[in-house]
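Order-wise, the sequence lines are chains U and F. Heads up, the final residue of the first sequence is numbered 385 in our numbering, and it's a clean run with no missing numbers. Heads up, the final residue of the second sequence is numbered 399 in our numbering, and it's a clean run with no missing numbers.
It should be emphasised that the hints constitute simulated quantities derived from the structure, not laboratory data. Quick caveat: nothing in here was measured; it's all calculated off a predicted structure. Accuracy of the hints is not assured; some may be wrong.
What the hints assert, rightly or not - With the C-beta cut set under 7 Å, the calculated list includes, among others, these residues of chain U facing chain F:
# : residue
1 : 81
2 : 160
3 : 192
4 : 223
5 : 360
6 : 363
7 : 368
8 : 375
Unchecked claim - Some chain F residues well away from chain U (every beta-carbon gap over 10 Å; in silico):
#  : residue
9  : 115
10 : 173
11 : 200
12 : 278
13 : 373
Idealized CB from N, CA, C, for every residue including glycine.
The chain contents come next:
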Amino acid sequence: EGKMLTNISNVLRACAQRNISHLFVFYFKKCDVFKLDEAPATQVVMTRDEGLQYYRTMQTMRRMELKADQLYKQKIIRGFCHLYDGQEACAVGIEASINLKDHLITAYRAHGYTLTRGGTVKEIMAELTGRRGGIAKGKGGSMHMYCKHFYGGNGIVGAQVPLGAGVALACKYKGTDELCVCLYGDGAANQGQIFETYNMAALWKLPVIFICENNRYGMGTSVERAAASTDYFKRGEFIPGLRVDGMDILCVREATRFAADHCRSGKGPILMELQTYRYHGHSMSDPGVSYRTREEIQEVRSKSDPISLLKDRLLSNNMASVEELKEIDVEVRKEIEDAAQFATTDPEPPLEELCNHIFSNNPPVEVRGTNPWAKLKSLS
Amino acid sequence: MAAAARLFIRGAHSTLAISGVGTGKQSSLFKLSAGCSSRLKAQRHVAHFTFQPDPPTTEYGATQKMNLFQSITSALDNTLASDPTAVIFGEDVAFGGVFRCTVGLRDKYGKDRVFNTPLCEQGIVGFGIGAATAGATAIAEIQFADYIFPAFDQIVNEAAKYRYRSGNLFDCGNLTIRAPWGCVGHGSLYHSQSPEAYFAHCPGIKVVIPRGPLQAKGLLLSCIADNNPCLFFEPKILYRAAVEQVPVDSYTIPLSQAEVLQEGSDLTLVAWGTQIHVLKEVANMAQEKLGVSCEVIDLRTILPWDTETVCKSVARTGRLLISHEAPVTGGFAAEISSTVQEECFLNLEAPIARVCGYDTPFPHIFEPFYIPDKWKCFDAIKRMINY
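With the rest of the complex left out, here is chain U:
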């Protein structure tokens, strides 16, 4: 609260100099809550700098995903590739309310989070193409990207949630102020492990924010056909929950701020459902139109696109000019082009890497090869 006032006063001082407003107050309706007496703030301040930064990050994310789509179709990226476009507000909004010392873990739709958690576009794209400059040295691919305090990037649906609770336990145990943001999707919400984790987190009051990114489809199955209850924010039963519009970055930011305060004050876990949408199919092998109509996708794109929403806000409230945003677009485009160039030209990891890092071992161990006479070295 106090920080907000200082922020406002600092900015108002600079306000007089230019025609542009340096901040704006937005009003939202109260989000749905479950077993909570309070709710996230309905009166939200966004400064110009924040707005531009969010715009840049979301635009980078969007262009990066579209570039990955292009490279996949050119068969430069192969394997499985799950794209995040449409859901940018979630990743950027969450990161806006936590800091890099906090921890985050998600499932396989991880490119966006890798970016917000500190990965560079170059490293991400090189990992997609499996080169040595990749963030996991080219050994993980699309689904397995990691960086400091970001635990991936996990292939098995739902398996990352107990891990997230474990990370939160470590934070509590070590007495730091850190928390763990533990993400999963609407499909994973029906996995048994999630409920086991809810129980443990609530029992031991772990500082974990469970976030269900509900993009309405678990691969090709709509939520109505998969879940007995689509109120994912209530599924925690004894864990308080809130449901948030995941296409609006400010809603996500405020909800995460509320949730983070809840955790850091020792009240235990909290569950957030972000209602969002993905434009691409489940993965690059899925056209995305056999289980939903093109009209639906178009409707979301025209009415609720997170980047457009933010852009409208910035422009209509005079917080930024069209030229400024265009300039950001151009810079972002260049960054992505450079990264794609790097990703296609960087060499693949050396063959010695095949057996490295299986175990932690010193001195190196031998790994049996495809026949009894071939033995390879594993370094760690």
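Model the placement of chain F on the given structure of chain U, informed by the hints.
Below, chain F alone, put in the same frame as chain U:
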């Protein structure tokens, strides 16, 4: 979801001959592979095997050209038609499945017989065990064999032991679990695994792996008919690549019987699934280039496996090579190897060779170097002959 089955196949398309890969000398192995790497970039991606179809048969009536997923659909169709208690369930089976194995079945037989489950493998198998115990013919689908592990407890602790622990009072023999299995060219860590070895260690279940559409339909119908819980792994790389003439009506192929695909006198080659096609090619190479006559055996049923056929063959030839994609340590080749040396010790002319995947997680970018392709098998044959 047709695109989900778009199988990009690539492999080490190398024409370099492997010569004298030294014991523990990894450098020469890597030198030749480095040559492969530059060729890979320039060439069209090709598979590490060539599918060799079985000759058509009139034994079971009229046949139709089908690929692997169509033969599975045909088997399921026959089952749903003849058995009113049969039900098919799993993730996304209603619209046809991510590999199109259940296309058209829901429309034909109704949504109470072919239905989707939520995303919960443990739940799917547990539910299947219950349904089977109550008398329904339950055919569960696990979307990829890599995802079968949450259900591992249900399969190993519940399904496999039901009959034993209840003194034959209850059983879940009506249960069949199907899962796509094996490498696919670009699957990387979680879409390429071959977990048959984990389940081979579990008495009470049967594990079956076909090599093509004709075998698949017969073996699947046998699994469904069998009074024991069965795991049926379908090589996903063959779903479209394998096309054969498959009988339209029901027929069964006996379980626990290995098949000798070609007879030989010098060396026995044993494999299952996709690897059979690799070994068939290796057998031809061995005949042409080394004058070695190889006997190729498809194990078909991993558990309980046909020890007699394999041991009889090795007793004649004196040499055995077993090959599979799964990592070599603890892979099923170890079990075969151990049994054969017990039974045929004095007949063996050379140590039994296991040409398998490396002891690493199934790699992402390194797949062509990881899989036991024909060159690695050929090299092993040369060593065995010259032992």
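Hint check:
{"no.": "1", "hint": "81", "result": "violated, 11 Å"}
{"no.": "2", "hint": "160", "result": "holds, 4 Å"}
{"no.": "3", "hint": "192", "result": "holds, 4 Å"}
{"no.": "4", "hint": "223", "result": "holds, 6 Å"}
{"no.": "5", "hint": "360", "result": "holds, 6 Å"}
{"no.": "6", "hint": "363", "result": "holds, 6 Å"}
{"no.": "7", "hint": "368", "result": "violated, 15 Å"}
{"no.": "8", "hint": "375", "result": "holds, 5 Å"}
{"no.": "9", "hint": "115", "result": "holds, 12 Å"}
{"no.": "10", "hint": "173", "result": "holds, 21 Å"}
{"no.": "11", "hint": "200", "result": "violated, 5 Å"}
{"no.": "12", "hint": "278", "result": "holds, 18 Å"}
{"no.": "13", "hint": "373", "result": "violated, 7 Å"}
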